[in-house]
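Protein chains: 2
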Amino acid sequence: MKIAVLGGDGFCGWPTSLHLSDAGHEVHIIDNLSRRWIDTELGVQSLTPMDSIQERCRIWKRETGRSIRFHLLDLAGEYQRLKQWLEAEKPDAIIHFAEQRAAPYSMKSDRHKVYTVNNNVNATHNLLTAMVETGIDAHLVHLGTMGVYGYSSVGAPIPEGYLDVEIDTPDGKKGQEILYPTRPGSVYHMTKSLDQILFQFYAQNDGLRITDLHQGIVWGTHTDQTRRDPQLINRFDYDGDYGTVLNRFLIQAAIGYPLTVHGTGGQTRAFIHIQDSVRCIELALGDAPAAGERVKIFNQMTETHRVRDLAEMVAGLTGAKIAWLPNPRKEAAENDLIVKNDQFMALGLNPTTLEAGLLDEVVEVARKFAHRIDRSRVPAVSAWTRELAAEVEADPEDPRLKSVS
Amino acid sequence: MKIAVLGGDGFCGWPTSLHLSDAGHEVHIIDNLSRRWIDTELGVQSLTPMDSIQERCRIWKRETGRSIRFHLLDLAGEYQRLKQWLEAEKPDAIIHFAEQRAAPYSMKSDRHKVYTVNNNVNATHNLLTAMVETGIDAHLVHLGTMGVYGYSSVGAPIPEGYLDVEIDTPDGKKGQEILYPTRPGSVYHMTKSLDQILFQFYAQNDGLRITDLHQGIVWGTHTDQTRRDPQLINRFDYDGDYGTVLNRFLIQAAIGYPLTVHGTGGQTRAFIHIQDSVRCIELALGDAPAAGERVKIFNQMTETHRVRDLAEMVAGLTGAKIAWLPNPRKEAAENDLIVKNDQFMALGLNPTTLEAGLLDEVVEVARKFAHRIDRSRVPAVSAWTRELAAEVEADPEDPRLKSVS
Ligand SMILES: NC(=O)c1ccc[n+]([C@@H]2O[C@H](COP(=O)([O-])OP(=O)(O)OC[C@H]3O[C@@H](n4cnc5c(N)ncnc54)[C@H](O)[C@@H]3O)[C@@H](O)[C@H]2O)c1
Ligand SMILES: NC(=O)c1ccc[n+]([C@@H]2O[C@H](COP(=O)([O-])OP(=O)(O)OC[C@H]3O[C@@H](n4cnc5c(N)ncnc54)[C@H](O)[C@@H]3O)[C@@H](O)[C@H]2O)c1
Numbered sequence: 002m003k004i005a006v007l008g009g010d011g012f013c014g015w016p017t018s019l020h021l022s023d024a025g026h027e028v029h030i031i032d033n034l035s036r037r038w039i040d041t042e043l044g045v046q047s048l049t050p051m052d053s054i055q056e057r058c059r060i061w062k063r064e065t066g067r068s069i070r071f072h073l074l075d076l077a078g079e080y081q082r083l084k085q086w087l088e089a090e091k092p093d094a095i096i097h098f099a100e101q102r103a104a105p106y107s108m109k110s111d112r113h114k115v116y117t118v119n120n121n122v123n124a125t126h127n128l129l130t131a132m133v134e135t136g137i138d139a140h141l142v143h144l145g146t147m148g149v150y151g152y153s154s155v156g157a158p159i160p161e162g163y164l165d166v167e168i169d170t171p172d173g174k175k176g177q178e179i180l181y182p183t184r185p186g187s188v189y190h191m192t193k194s195l196d197q198i199l200f201q202f203y204a205q206n207d208g209l210r211i212t213d214l215h216q217g218i219v220w221g222t223h224t225d226q227t228r229r230d231p232q233l234i235n236r237f238d239y240d241g242d243y244g245t246v247l248n249r250f251l252i253q254a255a256i257g258y259p260l261t262v263h264g265t266g267g268q269t270r271a272f273i274h275i276q277d278s279v280r281c282i283e284l285a286l287g288d289a290p291a292a293g294e295r296v297k298i299f300n301q302m303t304e305t306h307r308v309r310d311l312a313e314m315v316a317g318l319t320g321a322k323i324a325w326l327p328n329p330r331k332e333a334a335e336n337d338l339i340v341k342n343d344q345f346m347a348l349g350l351n352p353t354t355l356e357a358g359l360l361d362e363v364v365e366v367a368r369k370f371a372h373r374i375d376r377s378r379v380p381a382v383s384a385w386t387r388e389l390a391a392e393v394e395a396d397p398e399d400p401r402l403k404s405v406s
Numbered sequence: 002m003k004i005a006v007l008g009g010d011g012f013c014g015w016p017t018s019l020h021l022s023d024a025g026h027e028v029h030i031i032d033n034l035s036r037r038w039i040d041t042e043l044g045v046q047s048l049t050p051m052d053s054i055q056e057r058c059r060i061w062k063r064e065t066g067r068s069i070r071f072h073l074l075d076l077a078g079e080y081q082r083l084k085q086w087l088e089a090e091k092p093d094a095i096i097h098f099a100e101q102r103a104a105p106y107s108m109k110s111d112r113h114k115v116y117t118v119n120n121n122v123n124a125t126h127n128l129l130t131a132m133v134e135t136g137i138d139a140h141l142v143h144l145g146t147m148g149v150y151g152y153s154s155v156g157a158p159i160p161e162g163y164l165d166v167e168i169d170t171p172d173g174k175k176g177q178e179i180l181y182p183t184r185p186g187s188v189y190h191m192t193k194s195l196d197q198i199l200f201q202f203y204a205q206n207d208g209l210r211i212t213d214l215h216q217g218i219v220w221g222t223h224t225d226q227t228r229r230d231p232q233l234i235n236r237f238d239y240d241g242d243y244g245t246v247l248n249r250f251l252i253q254a255a256i257g258y259p260l261t262v263h264g265t266g267g268q269t270r271a272f273i274h275i276q277d278s279v280r281c282i283e284l285a286l287g288d289a290p291a292a293g294e295r296v297k298i299f300n301q302m303t304e305t306h307r308v309r310d311l312a313e314m315v316a317g318l319t320g321a322k323i324a325w326l327p328n329p330r331k332e333a334a335e336n337d338l339i340v341k342n343d344q345f346m347a348l349g350l351n352p353t354t355l356e357a358g359l360l361d362e363v364v365e366v367a368r369k370f371a372h373r374i375d376r377s378r379v380p381a382v383s384a385w386t387r388e389l390a391a392e393v394e395a396d397p398e399d400p401r402l403k404s405v406s
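The listed protein sequences correspond, in order, to chains A and B. To convert, count from 1 in the first sequence and add 1; that's our numbering. To convert, count from 1 in the second sequence and add 1; that's our numbering.
Chain A on its own, in the form it takes in the complex (with noise of 0.2 Å):
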């Protein structure tokens, strides 16, 4: 299959990439590069050592003989390039990874909301549009985010996309099914929650293929193929904007730290490894929905954990100590969260569990780099409201003010 990456620099796009490639598929990476400007903007930088994308392509090339193609374009402010890429390019399917990504990051300040709202809207809307207006047949898969549904619901299980619910009519009740509603807790979030929008009214009025997956906290740096050489790395977040909870403990174990525990650390996460991740996107590629046929939606995750039972996770594996803080964002402090995710398991996933995967972590990155932290960078310091910010400015020993060296 010809595969265009869109989003190919990142986190999830890198590695994906090179799945993809090395089964054979012919692999096109677009990306603006933007996550690369954010780092310079927020002077953090990957805590692994992260070549420039070309440079990332040529030793692929080197090592295997397979060539991926790297285009800089904007799918959010370059409409027509975009339409003339595909038009002369016709991929086969499309995976769409490229939008700001980091829930902290859209919260900043007015204008990182307004960048991540327009970016993001842009960019899944002008993708979608040109894909009808070339009248190509790919299959879109996307990236969304089980934190569409907010953490803070009665208790259901998340499911796969929609519910059944019971509309009074004239004639009685009548069922109807309907996306499983959203509630965003952020920003961030609350552009998936739109993206979900898109992709329902495409699929029905121009009947687009799409697959959009709701994945889980990934985790997680090496896969089989970023293992192949050190300039393959993978980058790995851990400021806090871009580095998930995870990440930011394994750092703050590294330099002997304490984690740093947001509330009462009862907010449940679901996590998916790297590894699993890229497999879970081979698995959606292979199985699209036919044309007229709804949005396929799964849960991309593997497993659940509370925050607190990963600090002491890794706090068991590394001896670090626990330090409680109040919560900079608008949520329950408890919540649980039962996630459906029949759908992977059914097409053949074998996931591997952070209870197997996490000291490799802690061994051969966190530690390894550990020289290249810089810690006056990670704490969280976003606050999702006013009145919340204020509370973290009241207090003089809340680690979030200054710089943890």
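These are computed hints drawn from the structure, not numbers from a lab. Predicted, not measured: the structure shown is a model, and the values here were computed from it. Careful, some of the hints might be misleading.
One copy or two, either will do: identical chains are not told apart, so a pair holds if it fits within one copy or between any two.
[As the list claims (entries may be wrong)] For lysine to aspartate or glutamate, the following EDC-like pairs were computed, each having C-alpha atoms within a straight-line distance of at most 16 Å:
#1 K3 to E88
#2 K109 to D207
#3 K109 to E388
#4 K322 to D310
#5 K175 to D165
#6 K341 to E304
#7 K341 to D169
#8 K109 to E134
#9 K84 to D111
#10 K62 to D52
#11 K331 to D207
#12 K3 to E90
#13 K341 to E161
#14 K3 to D138
#15 K84 to E134
Keeping the supplied structure of chain A fixed, place chain B with the ligands upon it in accordance with the hints.
Only chain B with the ligands this time, still in chain A's reference frame:
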């Protein structure tokens, strides 16, 4: 009250501005005049001779001694200026009409789809972000549409915004209130569906006070204020993109052309007179939700009619014939529409019916300005999909392909 009317140069915004100014409020119009640019793009103009916004404000001042201030500002593209303006002026209420509002225009081409999504989503989101950022405590009243629910539903009465559903949980079924599920039928309608999610988020996260008025098709030209001087007249769109079905019937009747009904004419639509629309907005202003309360959603309409019944009503008044054409829209051929509007009725609305007001439109507007009609612009040509476009193009007799002359 100090009131900002965003999109105050438009069909609904202008009479609303006059009505509120007349009632003693301090009115500021913000508009980028994009709608006038679209007239230029399409080579169409309002049937009624419409002056510049600056001139209209001057006449209003001369007639009444009251000032309406006009500010040229693009909500979607000038976030910083918007924020500065809100900060400086601190309006008590903001009425948001400033979106691209024609479904056929939004489906014209890929450029029009991209423009509509970019303009409408960014306009609404920039406004919400700026309200949070400036910390002003204004009540936001937005104009949405009932079309957001789609017209192919199971015949459920359209409630005012919310639906109670039962969700499976580990402890059995639990009730939950959700936004009434949408199924938008055009890119334009889709943007209103996206707006709903933006409102839900900002009401919940930041306590913004928001009312969303899901309006039916607005008909009629004059209000008490626009009648005061010929130069205060409201716009009247009759072209295939912006002319609503009723306006096109009026024009067709005025030039002795058959009334063109698409499909069976079995589509039911909701209607409201412009005089009642401005009154509803005033009522909604006086009934703001509290901070932290959910978004208030009202159905702003007063009657429903099938398109073929409307055609017969106009034919009865004018002697026009009816012509039947294939439908360029992807929608159900026949639909019922039962709309709840108890909230406005309870607030004391006393509506003008089509039955009672339609003759005035024929005499005072359609016939009076019939010499200004450009016959070639009446047919509706935007097709919803490639297949539907091909259907029209295959029929050389289809009057949408030629001018009406
Ligand atoms: N990492 C996770 O834990 C996780 C979890 C759930 C869902 N996801 C989703 O998976 C996708 C990829 O996540 P990631 O962690 O790889 O993010 P990332 O930021 O590392 O990668 C995203 C890539 O997209 C590019 N991009 C952004 N906007 C673009 C635009 N307008 N035009 C072209 N390129 C653009 C960026 O430059 C970057 O290379 C995102 O949509 C994210 O929401 C990620
Ligand atoms: N007219 C109807 O029958 C009807 C029915 C239901 C809902 N509505 C809604 O009511 C609102 C107003 O409708 P209308 O018929 O008056 O439309 P209109 O096109 O006549 O007016 C909209 C105004 O907003 C301005 N505008 C658009 N984008 C802008 C931006 N980015 N920045 C600043 N100004 C901008 C335009 O220049 C125009 O003056 C729309 O949101 C529409 O969806 C109208």
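The hints, checked one at a time:
1. In the homo-oligomer, the alpha carbons of K3 and E88 lie at most 16 Å apart inside one protomer (13 Å), although the nearest pairing across protomers, at 51 Å, exceeds that limit.
2. Taking CA atoms no more than 16 Å apart as the test, K109 paired with D207 passes between copies only; the shortest distance there is 14 Å, against 37 Å inside one copy.
3. When the C-alpha separation of K109 and E388 is checked against a cutoff of 16 Å, the pair qualifies only within one copy, where the shortest distance is 14 Å, while the shortest distance between copies is 45 Å.
4. Taking the shortest Cα distances, K322 and D310 sit within 16 Å of each other inside one copy (13 Å), while across copies they are farther apart (75 Å).
5. In the homo-oligomer, the alpha carbons of K175 and D165 lie at most 16 Å apart both inside one protomer (10 Å) and across protomers (14 Å), since each shortest distance falls under that limit.
6. In this assembly of identical chains, K341 and E304 lie within 16 Å of each other by CA distance solely inside one copy; the values are 10 Å within and 44 Å between copies.
7. Within a single copy, K341 and D169 get their C-alpha atoms only as close as 28 Å, which misses the 16 Å cut-off; across copies the closest is 13 Å, which meets it.
8. For the identical chains of this complex, K109 and E134 are inter-copy neighbours only, at 11 Å across copies versus 36 Å inside a copy, given an alpha-carbon limit of 16 Å.
9. Proximity of K84 and D111 under a CA criterion of 16 Å is satisfied inter-copy only: 10 Å between copies versus 31 Å inside one chain copy.
10. In this homomeric assembly, K62 and D52 come within 16 Å of each other (Cα to Cα) only inside a single copy, at 15 Å, whereas the closest approach across copies is 65 Å.
11. Taking CA atoms no more than 16 Å apart as the test, K331 paired with D207 passes between copies only; the shortest distance there is 10 Å, against 38 Å inside one copy.
12. When the C-alpha separation of K3 and E90 is checked against a cutoff of 16 Å, the pair qualifies only within one copy, where the shortest distance is 8 Å, while the shortest distance between copies is 55 Å.
13. Only within a single protomer do K341 and E161 lie at most 16 Å apart by alpha-carbon distance; the minimum there is 6 Å, versus 32 Å between protomers.
14. Proximity of K3 to D138 under the C-alpha cut-off of 16 Å is restricted to the intra-copy arrangement: shortest distance 12 Å within a copy versus 53 Å between copies.
15. In this homomeric assembly, K84 and E134 come within 16 Å of each other (Cα to Cα) only inside a single copy, at 8 Å, whereas the closest approach across copies is 36 Å.
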